[in-house]
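Based on the hints, put chain B with the ligand in the right spot on chain A.
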Amino acid sequence: MPEAHVDAETRELARQLAAVVGEAHCISDPAELSVYECDGLSHGRVRPRLVVLPGSTEEVVQVVRLARAAGVPIVPRGSGTGLSGGARPTTGSVVVVLSRMRRVLEVDLEDGWVRLEPGVINLDVTRAVQGRGWYYAPDPSSQSICSIGGNVAENSGGAHCLKYGFTVNHVLGARLVLDGGEVVDLGGPAPDTPGYDLLAALVGSEGMLGIVTEITLRLLRKPEATRTFLATFPSSDEAGDAVSGIIAAGILPAAIEMMDTLAIQAAKAATGLAWPEVGSILLMDVDGPLAEVEHTAASAIEIARRAGALEVSVPKDEEERQLMWKGRKSAFAAVGRISPNYMVEDGVIPRSEIARVLREIGRMAAEAGLRVANVFHAGDGNLHPLVLYDARNPGEEDRAVRLGGDILRLCVRLGGSITGEHGVGAEKAAYMADMFSPEDLETMALVRCAFDPDARFNPGKVFPTPRLCGERPGPYRPHPAEVAGLAERW
Amino acid sequence: MTPLRPAQAEDSILGVAPRWVAEPATVEEAVETMRGCARDRQRVAFVGGGTDLGVGAPPAGLDVVLRTGKLARVVEHSPSDQIVVAEAGLPLAALQRTLAAHGQRLALDPPFAERATVGGIVAANAFGPRRTRHGTARDLIIGLSMVRADGVVARGGGKVVKNVAGFDLPRLFVGSLGTLGLITTVTFRLHPLPEASATMTVARPTGAQARAVVVALREAQLDPASVTLLAGPDGPSLGVRFEGFGPGVRQQVERLAGLGPALGLRFDLLDGAGAEAFWARHELARTSGAVRVRLAAPPSAVAAVLEGAVGPLTGGLGPGWATFDPWAGAGFAGGTPTDTGSAVEALNRARRALVALGGSLTLAAAPPGVRTGFDAWGAPPAAIEVMRRLKARFDPEGRLAPGRFVGGI
Ligand SMILES: Cc1cc2nc3c(=O)[nH]c(=O)nc-3n(C[C@H](O)[C@H](O)[C@H](O)COP(=O)(O)OP(=O)(O)OC[C@H]3O[C@@H](n4cnc5c(N)ncnc54)[C@H](O)[C@@H]3O)c2cc1C
Numbered sequence: 001m002p003e004a005h006v007d008a009e010t011r012e013l014a015r016q017l018a019a020v021v022g023e024a025h026c027i028s029d030p031a032e033l034s035v036y037e038c039d040g041l042s043h044g045r046v047r048p049r050l051v052v053l054p055g056s057t058e059e060v061v062q063v064v065r066l067a068r069a070a071g072v073p074i075v076p077r078g079s080g081t082g083l084s085g086g087a088r089p090t091t092g093s094v095v096v097v098l099s100r101m102r103r104v105l106e107v108d109l110e111d112g113w114v115r116l117e118p119g120v121i122n123l124d125v126t127r128a129v130q131g132r133g134w135y136y137a138p139d140p141s142s143q144s145i146c147s148i149g150g151n152v153a154e155n156s157g158g159a160h161c162l163k164y165g166f167t168v169n170h171v172l173g174a175r176l177v178l179d180g181g182e183v184v185d186l187g188g189p190a191p192d193t194p195g196y197d198l199l200a201a202l203v204g205s206e207g208m209l210g211i212v213t214e215i216t217l218r219l220l221r222k223p224e225a226t227r228t229f230l231a232t233f234p235s236s237d238e239a240g241d242a243v244s245g246i247i248a249a250g251i252l253p254a255a256i257e258m259m260d261t262l263a264i265q266a267a268k269a270a271t272g273l274a275w276p277e278v279g280s281i282l283l284m285d286v287d288g289p290l291a292e293v294e295h296t297a298a299s300a301i302e303i304a305r306r307a308g309a310l311e312v313s314v315p316k317d318e319e320e321r322q323l324m325w326k327g328r329k330s331a332f333a334a335v336g337r338i339s340p341n342y343m344v345e346d347g348v349i350p351r352s353e354i355a356r357v358l359r360e361i362g363r364m365a366a367e368a369g370l371r372v373a374n375v376f377h378a379g380d381g382n383l384h385p386l387v388l389y390d391a392r393n394p395g396e397e398d399r400a401v402r403l404g405g406d407i408l409r410l411c412v413r414l415g416g417s418i419t420g421e422h423g424v425g426a427e428k429a430a431y432m433a434d435m436f437s438p439e440d441l442e443t444m445a446l447v448r449c450a451f452d453p454d455a456r457f458n459p460g461k462v463f464p465t466p467r468l469c470g471e472r473p474g475p476y477r478p479h480p481a482e483v484a485g486l487a488e489r490w
Numbered sequence: 001m002t003p004l005r006p007a008q009a010e011d012s013i014l015g016v017a018p019r020w021v022a023e024p025a026t027v028e029e030a031v032e033t034m035r036g037c038a039r040d041r042q043r044v045a046f047v048g049g050g051t052d053l054g055v056g057a058p059p060a061g062l063d064v065v066l067r068t069g070k071l072a073r074v075v076e077h078s079p080s081d082q083i084v085v086a087e088a089g090l091p092l093a094a095l096q097r098t099l100a101a102h103g104q105r106l107a108l109d110p111p112f113a114e115r116a117t118v119g120g121i122v123a124a125n126a127f128g129p130r131r132t133r134h135g136t137a138r139d140l141i142i143g144l145s146m147v148r149a150d151g152v153v154a155r156g157g158g159k160v161v162k163n164v165a166g167f168d169l170p171r172l173f174v175g176s177l178g179t180l181g182l183i184t185t186v187t188f189r190l191h192p193l194p195e196a197s198a199t200m201t202v203a204r205p206t207g208a209q210a211r212a213v214v215v216a217l218r219e220a221q222l223d224p225a226s227v228t229l230l231a232g233p234d235g236p237s238l239g240v241r242f243e244g245f246g247p248g249v250r251q252q253v254e255r256l257a258g259l260g261p262a263l264g265l266r267f268d269l270l271d272g273a274g275a276e277a278f279w280a281r282h283e284l285a286r287t288s289g290a291v292r293v294r295l296a297a298p299p300s301a302v303a304a305v306l307e308g309a310v311g312p313l314t315g316g317l318g319p320g321w322a323t324f325d326p327w328a329g330a331g332f333a334g335g336t337p338t339d340t341g342s343a344v345e346a347l348n349r350a351r352r353a354l355v356a357l358g359g360s361l362t363l364a365a366a367p368p369g370v371r372t373g374f375d376a377w378g379a380p381p382a383a384i385e386v387m388r389r390l391k392a393r394f395d396p397e398g399r400l401a402p403g404r405f406v407g408g409i
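Residue numbers (this note's numbering), protein chains in the order written: chain A, 1 to 490; chain B, 1 to 409.
Derived by calculation from the structure, the hints in this document are not laboratory data.
What you were told as hints is all true, and nothing was included just to trick you.
Derived coverage of chain B by chain A (criterion: at least 3 residues anywhere in the stretch with Cβ under 8 Å from a Cβ of chain A; other residues may be distant):
#, region
1, 125-139
2, 168-182
3, 219-227
4, 241-250
5, 289-297
6, 323-337
7, 349-361
Just so you know, these numbers come straight off a predicted model, no measurement behind them.
Using N, Cα and C, we set each Cβ at its ideal position, and we do this for glycine too.
Okay, chain A solo, but in the shape it has when bound (with noise of 0.2 Å):
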């Protein structure tokens, strides 16, 4: 219900958006409010105008149409466990959750795809298909939890996108709702619609192009035959010798994670799991046709030994395998216990540099006075460094903060990227200029612009810099919306 103390316009578009998507279904409520102030990041928290679900794409296209008649901002928001604060609310913002909109519409195991809203959980897609033999592939650890609308967004990886691809590679088509309340639709079950291939720009565009209302993503058949393994190395040196050699003898891994000593000791503390406490755990898949994957398997072990395995560990049955996964899974949330606050980036160097990145990662952390856990996709050079601190300490956090940045510009001078997976969101569009010029950054708000020039969507999310999309390059003019003060950050 419309509350008292908000203003007149707010109240007034609470009540057209109810109109729409139902009472029960449009947050107007402090209280109700605040539990999406933020996503998977718990600072920096923004509360939202207003909150709607909707429960169709008709609805969302009202919703659109009521939000640009208002000239308010739309978040657009999945489960919200972003880790870059891409679903934050942008202040004044309505924030669209599209989590009822969570049926699959349509199964078809003969061209081997799935139709589906935006809010269906990632888990459920392989859930709809395995007992048919079938799954979706891209697997992020919080594939319990985020939705597929999230995912596409972020353009969602997981372990095992090493040898299966992100979600830009299993993305067949989408339906999408655009600024004007347009809908339009992309790809689809065929493959090669002529034309721009938007559907790769709109995956891992971050919530800023528009509203995605359906989705269609190619689901694989189960691989023959998997074969797990853990090694254990004395130091990380070893270990990434090893992800070299591996790499070097022409086998593609499903999937190889890396952890070091004290993410060891934290998924211990969480799993309850007897790995030993040595400087570097590899945990790997292999999965293909039975022989071929024997064959890889078994090189890949005899690898691991040369570069310096303490130990090789082949699980004993699918429990055993799914233990050894749930202890590297949980890796991020295991962190919480062993330290007060974490942050968790996501950075990626190239392979190759990986010791001597951990070594510098070491070094860093000890000059900043801090601890720093790595667990991370050794395969893509994917980090995933915790760095540990403890708020209650005058002055921690925001070492924490600045170490975190240190090392992401260390990922950048390698050669690397500020993000393998977590998106730029919020949080990480200062650094976009560490990594782009002026006008790398310029052509892809063209991008932007096309789709979405009055920057409803997102706005102030992935550019570093203000940017308005004016009608034609040339001499500059400067936007009335600029000129009257309300230009936004996007």
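Below, chain B with the ligand alone, put in the same frame as chain A:
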């Protein structure tokens, strides 16, 4: 600025002659040329190896052709990171030779590898039979630098395979046919060269049988590198290729052979020379004929594609060829028609059949007579308005390859 030379007849694109040709020797010179074109409002089109210039419609008008052939350096190859940065004008075969010395390859295999350049392959979204497992340029590109219509140099993506920083400019340029900007360098992820490879064929399968083979491969959880139906004057054949380590390839060959009886088909394992000949015949098929088209449809519709599209085309385009990947849902058809009227009629029938299946048919080559009666792209796609807006942002004056692309873009 690089000197422009007056254009010759062979510099024309689909019969449209430019006035000038530029052949920059460095990326810096290419930037200079683009700035010059911007200043003088010249309409410009880019040419790499010239192997796929028949794709799309003729330009609406042209002042300058910029040839990328001298931008042919491998800028960086990092074998241990499995990435390569190459200049746009580097021929694919030259790149593959550099990579092979380190046991690696770019898993793209479009035809005319000696001439087709990496920039052209990206711009035309060219692909070959390894699409079955490795996909297209979209699945392998990780970074790109470009010069925009206004002469501004920009870059997207990066040098690491996993990277979600910023909007995905590299993939947006795949298949954009030179209408958004000049590609100057491309960065790809690489794959190891397989230790072993084997090709098996089935003689004269029907569409339904080709489909049954795909289903059987999937149910048996095999992992083919290529599956291709090749339809020619002496009847169709189906080729299935496996690549990987020796033991894996051997086992997959045995398993597929074992599936034959249940399918009522015989799988013949080709020897090395036989396999080479089969894939050479495939490449010849998809590149011969004065009229050539690209076909796309949902993969399971292979029988309907054969009947509704390949049938009319192989008839109407003269004794023609067709290939179709029943795993990926993409293929080619071509022939040299003696009669323009029946060629256009066959093209229209085939396009209607594919569109009805949710797919498409686009021109890859055709003489002017056929082009007057048949649009290169067909009805504009659902998102055409957004595409026009995108083009207007990147090239507001419409100077880059004007009229070549979908919907007159
Ligand atoms: C413990 C933990 C582990 C994680 N592990 C991984 C991992 O392994 N790999 C990985 O990639 N990520 C990981 N993440 C990050 C996060 O789960 C992903 O980014 C996920 O895709 C976000 O999905 P969501 O539904 O929560 O989206 P939200 O956080 O709600 O939103 C994310 C972005 O998507 C936009 N958005 C959401 N829905 C739509 C829509 N329908 N249309 C348009 N825009 C939309 C939002 O505006 C926002 O910009 C992890 C997070 C946590 C908390």
